[in-house]
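Each chain is listed here by its residues.
Number of protein chains: 2
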Amino acid sequence: MAAQTGSQAVERASALLGLIVESGAPRTFSSLVDELGLAKSTTSRLLQALERSRLVYRDRAGAFRPGALFSLHAARPSALHDLSELARPTMEHLSVLSRETVNLAVPRGGQLVSIDQVDSRYLVGATNWVGVDVPAHCTASGKVLYAYGALPLPTGQLERRTAHSPVDRAQLEHALVEVRRRGWAASLDELELGLTAVAAPVRAVDGSVVAAVSVSGPTSRINDNGITKLGDAIVAELRGLSALLGHQPGRKEGFA
Amino acid sequence: MAAQTGSQAVERASALLGLIVESGAPRTFSSLVDELGLAKSTTSRLLQALERSRLVYRDRAGAFRPGALFSLHAARPSALHDLSELARPTMEHLSVLSRETVNLAVPRGGQLVSIDQVDSRYLVGATNWVGVDVPAHCTASGKVLYAYGALPLPTGQLERRTAHSPVDRAQLEHALVEVRRRGWAASLDELELGLTAVAAPVRAVDGSVVAAVSVSGPTSRINDNGITKLGDAIVAELRGLSALLGHQPGRKEGFA
DNA sequence: GTCCAAAGTTTCACATTATGGAACCCGAGT
DNA sequence: ACTCGGGTTCCATAATGTGAAACTTTGGAC
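So the protein sequences, as listed, match chains A and B.
Using this note's numbering, the letters of the first sequence map in sequence onto residues 1 to 256.
Using this note's numbering, the letters of the second sequence map in sequence onto residues 1 to 256.
Heads up, some of the hints might be wrong.
One copy or two, either will do: identical chains are not told apart, so a pair holds if it fits within one copy or between any two.
In silico lysine to any residue, SDA-like type, Cα no more than 20 Å apart, as pairs [claimed, not checked]:
| # | residue 1 | residue 2 |
| --- | --- | --- |
| 1 | Lys40 | Gln8 |
| 2 | Lys40 | Gly6 |
| 3 | Lys40 | Thr5 |
Hints listed in this document are in silico derivations from the structure and should not be mistaken for laboratory results.
All of these numbers come straight from a predicted model, not from anything done at the bench.
Input sequences plus hints: build the corresponding full structure.
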C-alpha cells in the first residue's frame, strides 16, 4: 500500500491531470473514473478543482483537456528551455559515452529547430548547431522527424549541401524506410563534408515522436567507433527520456 | 472567506503550480512560501507531491519550474490546438462584432504560424489562412509579433507582395513603433491588393506577447467601418483572453 | 577549518477536511 | 412515459492535512 505522504488528495488530482495530459485524445469523465477507480463524486470534485485552477478545460463535448496553464506554458519560449532541461541528464550521459557533440532538436512551425547541445570533449569537431538553420533532409535529426511524421516532408527542390546530400526524393524516401526499420538515422557527409551524425527519436506516451537527439562528430572518428553501435546506444539511452514523457516500450511505435 | 469545496489541498497545490507556471523565472521555495502564505512545512509537502507527479521540477539551483508533463504537452502538436480552443470564444465574439474573418497566429520556430480561423460572415472575403506560409512583415499579425519581440526581426531582403508591401527596413521599423504606440497593427493592401487586416497582441502574465489575433476583410469594407475603431475593439476583446493567460492590465506592457 | 543564517524537511497531536455511498438532476434515446 | 449514462450535490464520519516546533542541509563569510 502507498506510504503516507500527507498529500493523498493532491496525488489523486495529479494522477487525474496526468491521465489527461498524457492522453492523445480528450478524456471522458467515465473513462477517468474507470481508470483511476475513485468514487464518481470524488472524481467530479477533483476535476472541478482542476478546472477552477485552469489546469484542465472541458471541450464542447464535455471531455477533458489540458487547460490554460498548459497553453500558457506552451506558448512561451521558455517551454523549449524546460524540455531541454528535462533532456539534459540523458544528453550529458550520451556525451560521456560518445565523447562527441550531442544535440537536441524539435519540430517547430514545420521546421527542424535545434534547442540544446552538449559539446564534444575533443578539441576538433566543436560546431555549435543551436539556432542554426540547416536543411533537415541532410541531417540525422531531420530524417528521424520525417521518418516518424513529426515533420511534414519537404516540398520543392531538395537543397544540395555536399555531393552526398540526398537530393533525389526516392533516395530520401528509401532512407526514411531504413530509419524506421533500424530505429535510428544517420547523416554521412550530407550536411558538411567530414561530418557524420547519428540520431534517434524521443517518444511521448502514445509512441509519437516529439524530438530527436543526435550525436555528431568527424566522419573518421564516428566510423571508427561504429555507426550501428552508436545508433543502438542512442536508442537505448533515450528510453529513459521517453519514459519521462510517459512512453512505455512495447507500445505501438509506428507512424505517428 | 472561500466557500467549502472539499478540495482545499488540491486548490492549494494548484495555486502553487499556477505561480510556478506563470512565473517567467524559476521560483524559489521561500518566495512561494511568502507569496501564498502557507506554513513552510505545508508548502514543502505540497511541492514534493507536485514533483513526484512530474508537474514541477527543481533546477540545478533548487528553484521550481514546470515539470515533464508541461514539456510533454508543449512538445506535441495538440498544444496549438488547445491554445486555439482557449482563444475560440474570443475569436467568435470578434467574428460576431466585425462580421469579418478572425485569425489566430503564433510565433513558432522563428516564423509566423496561423493556427485557427473563424470565417467571415460575408460571402466575399473568405480566404483560409491557416497553415498558409506568408511573409510576416506584410501581415498585421506579423507586425504585432515583431513589434513586441515575439518574433525575431526578418533578415535579408524583405519580400514584396504588392506595391504597398513594406520592403524598406526603415519603413517597417517605423510601422513597428506605431504598433507599440497604438497597441495594434494594420496591414493595408500589403499582403494582397484589396485585403486589409488589423491585429492586436495576446499577452501572458508578465506582459509578454505570445500570439496575435487579427480581423481581416476587403479593404473597402474595413475602411468603411474604421480601422482605428476596429483596432481598439480587438484590443478590448483580447483583454479577456490575455487574462486567461494570467495577464493583468496595468502591468508592464513593454518590450518583452 | 568554524560559525551562522537561510533554505528546506520531518514529526506529530488533533482540528479540519476529504471521502464515498446514496440521492438527485439532466439530456438523449426508445 | 421510462431508462440509462454522464455528472453533481449532500452529509456523517473516518481519514487526512495542517502548522508549530524540532531538526537537517547548504552556502557564504571569516
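Structure-based check of all given hints:
1. Lys40 x Gln8: both (17 Å within a copy, 18 Å between copies)
2. Lys40 x Gly6: This pair counts as between: shortest inter-copy Cα distance 14 Å, intra-copy 22 Å.
3. Lys40 x Thr5: Cα proximity of Lys40 and Thr5: across copies only (16 Å, versus 23 Å in one copy).
Checked against the numbered hints above, the structure violates none of them.
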